[in-house]
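J.: Here the structure of chain A is known, so what remains is to put chain B in place on it, guided by the hints.
Just so you know, the sequences run in chain order A and B. Residue numbers 1 to 195, in our numbering, belong to the letters of the first sequence in order. Residue numbers 1 to 462, in our numbering, belong to the letters of the second sequence in order.
The set of hints was computed from the structure by calculation and includes no laboratory data. Every residue, glycine too, gets a C-beta built ideally from N, C-alpha and C. Where hints are given, some of them may not hold.
[Said to hold, decoys possible] Simulated restraints, written as ranges between beta carbons of each label pair: (1) Asp81(A) x Thr318(B): 11 to 21 Å; (2) Ile425(B) x Glu28(A): 41 to 51 Å; (3) Asp460(B) x Thr85(A): 42 to 52 Å; (4) Ile177(A) x Ile363(B): 45 to 55 Å; (5) Lys428(B) x Lys182(A): 21 to 31 Å; (6) Lys427(B) x Lys182(A): 53 to 63 Å.
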Amino acid sequence: MATLAPATPSTSTKRDWTKPQAMAIPKEGYFQLQNGRYGAVYPRTPACHGFTIIARIKPGREDAIRAYGKTIEKAIADLPDALATLKLHYLRWVLFDIGKDTYFMYQGIFDTDFDKYTEDAVALFAKYGVNTVFENLDGFPEDWKTNVPAFVKFVREHQCPSFLEYGEYPYVTADEIKKALKLKAAFADMLDLMQ
Amino acid sequence: MSALQQLHRISRDLTIRTDQPASLDFDDIQHFLISRPPARAARYEFLTFANGTGGRAWLTGLIDKVGTASGVGSSLPDSRWVTVGFTWDGLRVLGVAEASLATFPEEFRQGMAARAGILGTTGANHPDHWVGGLASTNLHAIAILFARDVAERERCRQEHATYLKQCDGVELLSALDLEAIPPFDYAHEHFGFHDRLSQPVIEGTGVEPTPGSGPPIKSGEFFLGYPDEEGPAAGMPQPESLSRNGSYVAYLRMQEHVGAFRDFLRAHGETSEQQELIAAKLMGRWRSGAPLVLAPDKDDPKLGADPQRNNDFSYANTDPYGYGCPLGAHIRRMNPRDTAVNMNRRKMIRRGGTYGPPLPEGISDDGIERGIAAFVGCASLVRQFEFAMNVWTNDPNFHELGNERDPIFGTQDGTFDITIPKRPIRKKIKGLPAFTTIRAGAYFFLPGVKALRYLTTLSDGL
Numbered sequence: 001m002a003t004l005a006p007a008t009p010s011t012s013t014k015r016d017w018t019k020p021q022a023m024a025i026p027k028e029g030y031f032q033l034q035n036g037r038y039g040a041v042y043p044r045t046p047a048c049h050g051f052t053i054i055a056r057i058k059p060g061r062e063d064a065i066r067a068y069g070k071t072i073e074k075a076i077a078d079l080p081d082a083l084a085t086l087k088l089h090y091l092r093w094v095l096f097d098i099g100k101d102t103y104f105m106y107q108g109i110f111d112t113d114f115d116k117y118t119e120d121a122v123a124l125f126a127k128y129g130v131n132t133v134f135e136n137l138d139g140f141p142e143d144w145k146t147n148v149p150a151f152v153k154f155v156r157e158h159q160c161p162s163f164l165e166y167g168e169y170p171y172v173t174a175d176e177i178k179k180a181l182k183l184k185a186a187f188a189d190m191l192d193l194m195q
Numbered sequence: 001m002s003a004l005q006q007l008h009r010i011s012r013d014l015t016i017r018t019d020q021p022a023s024l025d026f027d028d029i030q031h032f033l034i035s036r037p038p039a040r041a042a043r044y045e046f047l048t049f050a051n052g053t054g055g056r057a058w059l060t061g062l063i064d065k066v067g068t069a070s071g072v073g074s075s076l077p078d079s080r081w082v083t084v085g086f087t088w089d090g091l092r093v094l095g096v097a098e099a100s101l102a103t104f105p106e107e108f109r110q111g112m113a114a115r116a117g118i119l120g121t122t123g124a125n126h127p128d129h130w131v132g133g134l135a136s137t138n139l140h141a142i143a144i145l146f147a148r149d150v151a152e153r154e155r156c157r158q159e160h161a162t163y164l165k166q167c168d169g170v171e172l173l174s175a176l177d178l179e180a181i182p183p184f185d186y187a188h189e190h191f192g193f194h195d196r197l198s199q200p201v202i203e204g205t206g207v208e209p210t211p212g213s214g215p216p217i218k219s220g221e222f223f224l225g226y227p228d229e230e231g232p233a234a235g236m237p238q239p240e241s242l243s244r245n246g247s248y249v250a251y252l253r254m255q256e257h258v259g260a261f262r263d264f265l266r267a268h269g270e271t272s273e274q275q276e277l278i279a280a281k282l283m284g285r286w287r288s289g290a291p292l293v294l295a296p297d298k299d300d301p302k303l304g305a306d307p308q309r310n311n312d313f314s315y316a317n318t319d320p321y322g323y324g325c326p327l328g329a330h331i332r333r334m335n336p337r338d339t340a341v342n343m344n345r346r347k348m349i350r351r352g353g354t355y356g357p358p359l360p361e362g363i364s365d366d367g368i369e370r371g372i373a374a375f376v377g378c379a380s381l382v383r384q385f386e387f388a389m390n391v392w393t394n395d396p397n398f399h400e401l402g403n404e405r406d407p408i409f410g411t412q413d414g415t416f417d418i419t420i421p422k423r424p425i426r427k428k429i430k431g432l433p434a435f436t437t438i439r440a441g442a443y444f445f446l447p448g449v450k451a452l453r454y455l456t457t458l459s460d461g462l
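Next comes chain A alone, as it looks inside the complex (with noise of 0.2 Å):
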C-alpha cells in the first residue's frame, strides 16, 4: 500500500501573516487526497478551514429556519463559551432562492480540521439546536441523533469546496488574534498605569 503524502505539510512552516495570499483550489477540494475518518480531508488555506454547506429546505420550513436565529443569538449570549470547541472565527448563516425553491447556506470558517472534532461538533450541534435546523433541510437523516456517520454523510454530500480562498493576514488563528489583542490591552493598561 503506498503512503498518501499529507494534504497539508506535516510539519508547520512559520507562514508570514503580514503578505496577504490567495490560494487556488482544485475542484475535489483538496490537492491530494488523504482520507480522514469520515472522508475526504480540505486543506487548510490562508482563510484556515472551513466549510459551505448548502441544501435545499423542505417548503414552507423558511420561518422556522429564520427564527432559529433568535435561538442562536440568546444560546451564545448565556453561554459565550458555548462553541469555543470548535475553534470558529465566523459563521454565516444565509437563506436564498432559487426559482420556486429556497436554500440554506451555512458557511463556517474555523482553525480545526472538521474530521478530526466531528464527534465534538455533532455533540455541540445537537446541545444547541443546530441539528433541529438541519431537520427543516431535504434530505437530512431522522435518525442524525443515533446515527453520526449519517449526519456526516450528509454534511460532506452538501459542502461545497472553495475555488479560491483569500487571507488578509492568512493562516492567523482565532487564538492567536485573541493572545495579540489581550497583549495589547495589557500593555495600553500598563501605559497607562505609567503615566
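T.: Positioned in the frame of chain A, the structure of chain B alone reads:
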C-alpha cells in the same frame, strides 16, 4: 485523605444517577475488558482459516475455554483466561452472510492496515513493515491467553498446538509471547515507567473509581447492546445475536527502543536528576508513577505508588500552561482530562503486557525486540481508538503545539519537537527520535459467548 479528596468523595457519593446502571450479562461477555487476571505471562496467537468448516470446528472446541466475566471475575481459581476475537475477513470465512457483514462499521470492515493514513502509522510504522502477517487479509482470528506464569503459559501453548493439529484448515500465522518484567510488585514497561495508573471504570461492574478517575462510564461505551453516554444502544451490527455483548479491540505491537531512549536522556541531561526530569517531562509522570502536576520538581515514589492519590489531578486550573506537565507530554495527550470535551465518549479499556527481555542498565541496544503489545477495547473504533490516534497521538497541532506528536508513542521521524514550558524561558527539544515503532496491528471483534456459539452454527455459502 486531603480535604480536596474528601470533597471529591462526598461529591461522588452525592451524585444521584436517575437511571439505573444497565445490568451487564457477565455470563456472556468475555472477561477480557472487564477483569484483569493476575497474569505474569501471556501469548497471542494469530490464526488463519483455510475454510469455514475448519474455523468453526476450531471455535467449537475452544468455546468452553473462553473465560467469561463472571468466571474470571470470581474469586475461584480459574486458569481459563482465554479470549477469542475475529477480523471482519475472519467473520466472512466463518460464514457470516454478506448482508450481515455489511452492517459492521466501515473502519472495522477495512481493517487497521487500511486505516494507516488516518491513524498516522506512516513511515517506519507503516503496515508495509509490519511483522507476523497481521496486515494481510489472511488474518482471521486471535486467541489471547493470559497465564499465571511462564510454565502455565507453556502448558497452554502445547495444548493449543496439539489441538490445532487436529483442526484441518486452521493455521498459526504468527504468535507473540509476553512476560511481565521484574520487579513484579508494580506494572511497568521497558522504559521503566509505572503503568496502568489511569483506567476507566465501567458502570455496572461494581468497581469503585480511584480519586481523579471520574465517574463510571456507561457500559455501552465498551460493549454493544447497552446504553452509552449518549443514550440507548443504536446502530448495532446485525443480527443482534452476533453483536450483543461484543466489543471491538484494536491491537498494537509497539517496539520500545530502550537504548535510544536512554541515549536521548543522557544527551539532554548532565546529571541523573536532570535525565529523570527529561524522562518525566516526555511522559507526564515520573517513572514511579508520580504525576508531574502533583510533583513538578522531584519524584515522589510514595505518591506514585498510592492509587488514592496518583491519579487525582486535572490540568485546566492546576497546570493550564504546562509548567508541571508539558501540554504535549504522553499522558496529557492520551487523557487530556478537563482540557478536552466529550471525554466520556473517548474512553478506552487497555489490556496487554510487555514482551522481550528487559535491557540491563549500561548496555546499548542489543538488537532484541522488546516492547508493549496491547489492546484497546471500545464500542466504536472510529470514535474512540481512531480519534485517539489521529488527534491525541499524531496531530502535530494538538493543543496548538504546531509541530509535535506524542513524544513516546507518536510517529516520530526526527522532524518533530517537544516543548517543555519553563519560567522564564521554555525549553524546546527539536528533532525528537522515535522511541517506539509500531510493528503490527489489527482490529478484532470480541463476540459474547452466545455469539461464539452462533458462529459455530453457520455454514458456508449462505
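J.: 42 to 52 Å was suggested as the range; check whether the CB atoms of Asp460(B) and Thr85(A) agree with it.
T.: Holds, at about 49 Å.
J.: For the range 11 to 21 Å, tell me whether the beta carbons of Asp81(A) and Thr318(B) fit it or not.
T.: This hint holds: roughly 20 Å between Cβ atoms.
J.: Holds or violated: the 21 to 31 Å window for the beta-carbon distance between Lys428(B) and Lys182(A)?
T.: For Lys182(A) against Lys428(B), whose Cβ atoms are near 23 Å apart, the range 21 to 31 Å holds.
J.: For the hint 53 to 63 Å, verify it against the beta carbon of Lys427(B) and that of Lys182(A).
T.: Once the Cβ atoms are compared, 24 Å apart, the range 53 to 63 Å for Lys182(A) and Lys427(B) is violated.
J.: Just tell me: holds or violated, for the beta carbon distance of Ile425(B) and Glu28(A) against 41 to 51 Å?
T.: holds, 44 Å
J.: Given a hinted range of 45 to 55 Å, is it respected by the beta-carbon distance of Ile177(A) and Ile363(B)?
T.: Given a distance of about 52 Å, which is inside 45 to 55 Å, the answer is holds.
Checked against the numbered hints listed earlier, the structure breaks hint 6 alone; every other hint is satisfied.
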